[in-house]
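Trainee: Chain U: place on chain V using the hints.
If you're matching them up, the sequences are chains V and U in order.
First residue of the first sequence: 2, per this note's numbering; consecutive thereafter.
First residue of the second sequence: 3, per this note's numbering; consecutive thereafter.
Hints in this document: simulated from the structure, not taken from any laboratory.
Being a predicted model, the structure only gives us computed values, none of them experimental.
Be aware that one or more of the hints could be misleading.
[Said to hold, decoys possible] Below, a list of computed lysine to aspartate or glutamate pairs in the EDC-like style, where the Cα atoms sit at most 16 Å apart: (1) V:K23 to U:E79; (2) U:K112 to U:E83; (3) V:K63 to V:D7; (4) V:K63 to V:E34; (5) U:K8 to U:E79; (6) V:K25 to U:E79; (7) V:K25 to U:E119; (8) U:K112 to U:E69; (9) U:K244 to U:D225.
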Amino acid sequence: MTHRLDARNLICPMPVIRTQDKIKTLATGDRLEVTCTDPGALNDIPTWCRINGHRIVQTRSKNHEIVITIEVGALGQ
Amino acid sequence: MTPQRKAVALISGGLDSMLAARLILDQNIHIEGINFYTGFCVEGHTHAIRNKDRSKPKRNNALWVAEQLGIRLHIVEVIDEYKDIVINPKHGYGANLNPCLDCKGFMVRKAVEWMRENDFDFIITGEVIGQRPKSQRRDTMPVVARESGADELLLRPLCAKLLPLTHAEKEGWVDREKLMGFNGRNRKPQMALAAQYGFKDYAQPAGGCCFLTDENYARRLADLWAGRGQRDYELDDIMLLKVGRHLRPRPHFKLIVGRDEGENNFLRGYTTRFTHFYAKSHLGPLVLLDGEADKRDVRLAAEITARFGKGRNADKVVISVHEQNGEERDLTVTPLTPECMPQEWYL
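Looking at chain V on its own, in the form it has when it is part of the complex:
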């Protein structure tokens, strides 16, 4: 199941915190699509995912917005 998180107009580390808090509510294998405007998220969210056992499926940029798709790993639960 794919879920969405609006983290636009937040400065890092807030997009990471919102992502972390949202993932706590999801099941292993779920996908989360995070939309951000802070370019710092391009580095911080993947790093947070690596150390917490989640997988980055895709990262794309469009009109000054960054969309990061994450697959929830087992460690996140």
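Mentor: Okay, now just chain U, sitting in the frame of chain V:
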């Protein structure tokens, strides 16, 4: 079989907490990191707002440390709870508006709560006796342990040999002989230990981990409180204190002036909340007005906006004024001259 013990490590993103965690990892303890985001954390921000800073990619050092150590990191937002620490510090402020002793006690207390909720056994920090003038002194370190409620559950691996035995040592979970006895402001022992572990590219201390230790930032925060007549803030307030030129031409309002395109873009995110100004006839900054302003004040703000744009030497500049109530109009003004802008206006 004896269960593996679990410790929660306060990870700031600096070298000391990294070394403290690593020393305990070496003793076969399961460690997870915790990092608190107060809104004032320098290390947490990886957003380069100004154009000139964009060429230097920034990283979140707490996340980087966790990745180097191979541990999980939990970033906990404490913005609202932390307000009371900033506004009413029981132990007072340091050189600026930094409530270091209260802050450390608060963070360890939050770590105690997390430890209990997550069934961990003890807490570790990277504190070193004598490292900081207020929160890391021999006489104040017991205050942190006591007031946080951590007591003997708080282990400081970098200076443990100089402190009384803690629970983890008494129980034999941690071998005290393998801990350190660092003392004072000399960083050489930490750097030597980092080299021993092969840690490179770690964050260098650069004026502390908190904006509240910064003199300019603290002055702006004190001005915010004085201007509003109350000691309070929201996250947006403390973010805006980091951006732009701040001028207070009158006691009842101040202006935030973008210094480049990056800051103008950042300030644009706040235009629905503030009366704002920009030049239509020339290139120039976006300017937010924080406070109450009558017609004369709005005109003065327009003249200041013109002063900071490319039309500063022009006879007339057209300024677009967007009131907070949604009204828009153009004002044609003469830019204020530097002589009419006393230094006291600048925060």
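Trainee: Identify every previously stated hint that the structure contradicts and give their numbers, smallest first.
Mentor: 5 and 8
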